[in-house]
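Numbering (the numbering used here), first residue to last: 1125 to 1242.
It should be emphasised that the hints constitute simulated quantities derived from the structure, not laboratory data. All clues given are correct.
Here are the in silico distance ranges between beta carbons for each label pair:
| # | residue 1 | residue 2 | range |
| --- | --- | --- | --- |
| 1 | A1176 | L1131 | 48 to 54 angstroms |
| 2 | E1224 | T1150 | 55 to 61 angstroms |
| 3 | R1233 | A1176 | 55 to 61 angstroms |
| 4 | R1199 | H1168 | 33 to 39 angstroms |
| 5 | P1235 | H1168 | 57 to 63 angstroms |
| 6 | H1231 | L1162 | 57 to 63 angstroms |
| 7 | A1196 | L1162 | 35 to 41 angstroms |
| 8 | L1128 | A1196 | 58 to 64 angstroms |
| 9 | A1177 | E1197 | 22 to 28 angstroms |
Heads up, the beta-carbon is just placed ideally off N, CA and C, and yes, glycines get one too.
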Amino acid sequence: PLPLPPLAAATARRAQRRVDNGEAPTDEVEDEWQRYSLQLDRRHNDALSAAAAAAANGDGIAQTGSLVVTTAEARPNAYIPDDLGIPKPYGGNAPFKPSEAGSTMRHMRKPNPREIDI
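Input sequences plus hints: build the corresponding full structure.
Structural data, given as structure tokens:
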């Protein structure tokens, strides 16, 4: 390894001496650690206050215990325990829900049903 310049060697020795005494290596590192610690505390307090506000407002997030936001529709049997023996809500014939039309559907004509004259 290449030898360190005298100033860098003195700084490294001073930092090692401070670490051996249980202190931060440099004042800049100590300041950075203080900022990081305050940021962590602030995030923790914000999360606690948001959870308390959600519980006070009666939001679904606090009631379900989940912080995941979803747009999926809830299944009818999602909260029924399996040991009750309740049958599946639709059996094998779940209702058909077609997917949204894709971008190529704009080229298709919409059906015009003819009236039936009797």
